[in-house]
Amino acid sequence: MHITVTDQDFDSQVIRSDKPVLVDFWAVWCSPCRIQNPILEDLDKDLGENGVIAKLNVDENPNTAMKFGVMSIPTLMLFKGGEVIKQWIGVQSKETLKSEFDKLV
Amino acid sequence: MYDVIILGSGPAGYTAALYTSRAFLKTLVLTGKEAGGQLTTTSDVENYPGFPKGIQGPELMEEMKKQVERFGTEIRLETVVSLQSSVVSLGEKNFIIKTESNKYQGKSVIIASGASAKYLGLPSEQRLMGKGVSACATCDGFFFKGKEVVVIGGGDTAMEEGTFLTRFATKVTIIHRREDFRASPIMLDRAKKNPKILFLTNKIVTEVLGETSVTGVKLKDVKTNNEEEFATQGFFLAIGHKPNTDFLKGIIDLDPKGYIYVKGIKTPHDAHTQTNVPGVFAAGDCVDFKYRQAVVAAGMGCMAAMDAQRWLEEQKL
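Just so you know, the protein sequences line up as chains B and Y, in that order. Position one of the first sequence corresponds to residue 1 (my numbering), numbered consecutively onward. Position one of the second sequence corresponds to residue 1 (my numbering), numbered consecutively onward.
Source of the hints: derived by calculation from the structure; they are not laboratory data. Everything hinted at is true.
Taking lysine-lysine and the BS3-like style, the derived pairs with C-alpha atoms no more than 30 Å apart in a straight line are:
| # | chain 1 | residue 1 | chain 2 | residue 2 |
| --- | --- | --- | --- | --- |
| 1 | B | K98 | Y | K98 |
| 2 | Y | K242 | B | K86 |
| 3 | B | K45 | Y | K98 |
| 4 | Y | K131 | B | K80 |
| 5 | Y | K263 | Y | K93 |
| 6 | Y | K33 | Y | K131 |
| 7 | Y | K53 | Y | K145 |
Start from the sequences, fold in the hints, and give me the full structure.
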């Protein structure tokens with residue numbers, strides 16, 4: 001499942017989600033983020049109902065980005081039960097991300 | 001089986017792909033981690049001919065990608081981990097390229113893997129990567145709004161990144177290990193005239209400080225050997241580039257700094273971009289330690305494509 005999250009609904013959509021959620025901190029001006037995007041869409045297809053991919057625009061939602069100390073994008077954070085399980089900085093391959101999801105499912 | 005497999009997706013890789021696919025050779029581009037290459041981390045490109053008003057680096061690479069797709073090049077967002085040649089049957093050889101997830105076979109290979117920004121190699125720098133340590137001002141500058149940052153380096157990149165960062169940061173300090181700058185006069189002048197930019201010379205960084213994010217740097221004066229701490233929230237590197245050729249060691253001949261040796265032209269029949277392995281060609285910043293320009297890389301990409309095409313014809317592959 002591919003969703004968009006904001007400062008307002010981050011808690012309900014990510015922190016309190018019963019599924020593992022991969023948050024993609026991105027921005028329009030970030031060119032590596034554009035590279036990451038199709039990889040996440042592909043990952044989403046593989047995950048099906050077993051996980052959520054949540055996109056958070058750091059320009060529009062600076063509070064969440066600041067709260068989690070994001071200082072470089074793309075940053076990807078994998079949440080489970082409200083906790084950050086793992087985080088990556090820079091573009092990641094589908095295999096890298098999928099193997100972490102597989103550990104949680 | 002592909003006629004040509006191209007490793008890399010900067011100006012060299014895409015230009016090579018443009019020529020091979022236009023010559024009806026079955027072409028695969030494996031983009032590598034930084035799809036689009038180094039230009040995707042720059043802003044204005046003012047020295048690529050054909051764009052009188054300049055063009056944004058990422059946009060230029062998008063256009064190149066579209067142009068090669070028009071001729072049927074297949075593009076995959078994968079990074080090569082190894083290259084090997086194998087004898088399939090009697091006298092017939094091809095190349096096997098492994099990525100993190102797949103294996104591809106090609107009759108010829110063009111390496112256009114480019115170069116990546118260099119780091120100082122300090123453990124503290126590695127630890128704070130993405131937590132205030134960055135090698136790309138255009139990517140990460142946004143997060144330093146109202147903060148103070150340092151830029152390490154003395155060349156054009158340092159001046160460009162420093163100037164760019166003043167859009168966000170309240171103060172930018174350019175730290176350089178020498179007295180003199182390698183930067184071109186126009187770039188240095190632009191930085192020196194900027195009231196937000198300060199310079200510290202004859203200083204080397206011995207440590208990046210901070211627990212969860214950068215809070216400062218430890219500096220050593222190269223003349224007096226005095227050490228001092230300097231408070232900063234951002235640490236931007238602009239100390240040059242390193243060719244992305246580690247995965248080729250032991251197969252392709254490299255110079256001591258890791259640049260690929262190519263044959264060069266001595267007679268009209270030589271293939272300039274040929275490496276030590278017949279059928280493997282190289283172009284762009286993974287070869288070129290001297291000019292390092294997008295337009296030069298594009299030109300070499302074209303040469304590699306023509307060399308590969310001719311080689312395939314000669315081998316009757």
